[in-house]
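> Those sequence lines, one after another, are chains A and B.
So the first sequence is numbered by my numbering: it starts at 1 and just counts up by one.
So the second sequence is numbered by my numbering: it starts at 1 and just counts up by one.
Since the hints were derived computationally from the structure, they do not count as laboratory data.
Being a predicted model, the structure only gives us computed values, none of them experimental.
Ideal placement from N, C-alpha and C gives every residue a C-beta, glycine not left out.
Hints should not be assumed to be uniformly reliable.
Quick list of the computed label-pair ranges, beta carbon to beta carbon [claimed, not checked]:
(1) P147(A) - C33(B): 27 to 33 Å
(2) D145(B) - A114(A): 45 to 51 Å
(3) L139(B) - A114(A): 40 to 46 Å
(4) E165(B) - E122(A): 30 to 36 Å
(5) T150(A) - S140(B): 47 to 53 Å
(6) R70(B) - Q163(A): 20 to 26 Å
(7) S153(A) - A159(B): 42 to 48 Å
(8) A159(B) - D37(A): 22 to 28 Å
(9) V138(A) - S255(B): 22 to 28 Å
(10) D199(B) - S153(A): 23 to 29 Å
The residues making up each chain are set out below.
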Amino acid sequence: MRGVHEKDRFEALARPHLDALYRTAMRMVGHPAAAEDMVQETCLRAFAALDPHSHKTNFRAWLFRILVNLSIDHMRGIGRQATVSGALVDNVATSAPDPEQMAMSSGLRDDIRAAVDALSAELRLVVLLVLVEEMSYVEAAECLDVPVGTVRSRLNRARSQLQSVLKDHAQGPKRATRPLKVALT
Amino acid sequence: MTCKVYRSAVEAWVDGQCPADEAAVLERHLQNCTACRNYADELDTQRTQVRWALGGETAPPDLWPRIAARLGFPRVGPPSAPRHARWLGARQLLAAAAVVAVVALGALALAPSLPPQHGGAPAHTVVDATVQDFVTFRLSERAYDISSGDPDATLAWFADRVSFELPPLEARVLGYRLVGGRLCWLLDQRLGAFTYERDGQHITIYVMQADATETASASADPVLAKTRGRSGQDGYSSLVWRQQGLVFSLVSEVSDEEMTRFSAALIEAVEQSNAKRPERRI
Numbered sequence: 001m002r003g004v005h006e007k008d009r010f011e012a013l014a015r016p017h018l019d020a021l022y023r024t025a026m027r028m029v030g031h032p033a034a035a036e037d038m039v040q041e042t043c044l045r046a047f048a049a050l051d052p053h054s055h056k057t058n059f060r061a062w063l064f065r066i067l068v069n070l071s072i073d074h075m076r077g078i079g080r081q082a083t084v085s086g087a088l089v090d091n092v093a094t095s096a097p098d099p100e101q102m103a104m105s106s107g108l109r110d111d112i113r114a115a116v117d118a119l120s121a122e123l124r125l126v127v128l129l130v131l132v133e134e135m136s137y138v139e140a141a142e143c144l145d146v147p148v149g150t151v152r153s154r155l156n157r158a159r160s161q162l163q164s165v166l167k168d169h170a171q172g173p174k175r176a177t178r179p180l181k182v183a184l185t
Numbered sequence: 001m002t003c004k005v006y007r008s009a010v011e012a013w014v015d016g017q018c019p020a021d022e023a024a025v026l027e028r029h030l031q032n033c034t035a036c037r038n039y040a041d042e043l044d045t046q047r048t049q050v051r052w053a054l055g056g057e058t059a060p061p062d063l064w065p066r067i068a069a070r071l072g073f074p075r076v077g078p079p080s081a082p083r084h085a086r087w088l089g090a091r092q093l094l095a096a097a098a099v100v101a102v103v104a105l106g107a108l109a110l111a112p113s114l115p116p117q118h119g120g121a122p123a124h125t126v127v128d129a130t131v132q133d134f135v136t137f138r139l140s141e142r143a144y145d146i147s148s149g150d151p152d153a154t155l156a157w158f159a160d161r162v163s164f165e166l167p168p169l170e171a172r173v174l175g176y177r178l179v180g181g182r183l184c185w186l187l188d189q190r191l192g193a194f195t196y197e198r199d200g201q202h203i204t205i206y207v208m209q210a211d212a213t214e215t216a217s218a219s220a221d222p223v224l225a226k227t228r229g230r231s232g233q234d235g236y237s238s239l240v241w242r243q244q245g246l247v248f249s250l251v252s253e254v255s256d257e258e259m260t261r262f263s264a265a266l267i268e269a270v271e272q273s274n275a276k277r278p279e280r281r282i
């Protein structure tokens, strides 16, 4: 029986990552119910394995590593279901930045999602961890149990594949571009 | 180096993971190389767009309660519970605050009459005081007391100016860079305010000492509770939590999701530093 303190501690550590776990699972398994099951299983395993007397050096990476392993097992088992529900798309639309502000064409979001979904699982995971969840290369490598160089090479390949999609929208209005961080002379 | 060699460095630079010495060399190259500059712009745009398209997905509101039930956690109250989300000190407040974290900020009705527990400042006071300071500082366009991205230099400046030990700072958190610190007088104490910036958006973390009576109980819990509230200043919000005898108030104009992610990263960083240096535990 785990103590109340352990439960509080686990909730404080794990709950802030719930959305990130869910959207990563969602993009890996393609179905809300399966993604929810996967996040639940991740938390159950994490809580069971969490040593109350030690502190994880990187709890988020550890949590995601459990999720990544589950998603790989899932895909090996039944194959990936590529469909994403319309309900999820609607949900996302309410929490995303103002499209006008982002100055993107309306179809871009769906195209980017489709392009990410079309990536192989190993490339998709790197995109989700580094570009979406903004993990460092080292943290992503820890999640995926691969060297940092592998993370970078996968990210490079994923970016190349995604870029072809984005270029199709290059004729549309551009987003409010962040100023380049160098002094251009 | 040729542009081919620089390409890999450009990717790391756009991802904010290029070591400072390499970044300096690369930035000099970018000043003179249109091709690499365009490549950096392409990657930067792509990164922003991918995050925009995929980063807003959120878990169903009932997912954590279902997980908590399977883990055998105490039953989490309904969203109407935030009236109980006063200043913590008890695990049930954590549960209530956890509910608050998934509902709209505006739903947090922190009644002004709520008395502080254990003699500490009530949450709404911390929220109001820090948000007002944040807005005032932004409007004044004053300089930071110490403008530095170096965590050690920043903490060294504060060493003799506050009466408690500040937690270690990170130079970067989720792509936000430490840009400066200020010594503030709020809630009858000196405290540190540290600001991070990314793409013109600012997140300031106020760090103050918890009340002595609360500190005693806080030492048993790395994170006792957190609660959120919206001040009267539209567009700014605060996320407040207590950890290792300190009170943290995170104030910003960024989205709720971004605030939560940032706070999670800080909570974990403080916990890690405490694990490495147990003598820091207050």
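> Confirm or reject each hint.
Now the hints, each set against the structure:
Judged by the Cβ atoms, the range 27 to 33 Å given for P147(A) and C33(B) holds: they are separated by roughly 29 Å. About 49 Å separates the C-beta atoms of D145(B) and A114(A), a value consistent with the hinted range of 45 to 51 Å. Separation of L139(B) from A114(A) is about 44 Å and conforms to the stated range, judged on CB atoms against 40 to 46 Å. The beta-carbon spacing between E165(B) and E122(A), approximately 43 Å, falls outside the hinted interval of 30 to 36 Å.
Range check, T150(A) to S140(B): about 48 Å between beta-carbon atoms, so the 47 to 53 Å window is met. Look at R70(B) against Q163(A): about 42 Å separates their beta carbons, and that is not inside 20 to 26 Å. Range check, S153(A) to A159(B): about 43 Å between beta-carbon atoms, so the 42 to 48 Å window is met. Against the hinted window of 22 to 28 Å, the Cβ-Cβ separation of A159(B) and D37(A) comes to about 50 Å, which falls outside the hint.
Range check, V138(A) to S255(B): about 26 Å between beta-carbon atoms, so the 22 to 28 Å window is met. Roughly 27 Å separates the CB atoms of D199(B) and S153(A), a value that falls within the hinted 23 to 29 Å.
Hints 4, 6, 8 from the list above are not met by this structure, while the remaining hints are.
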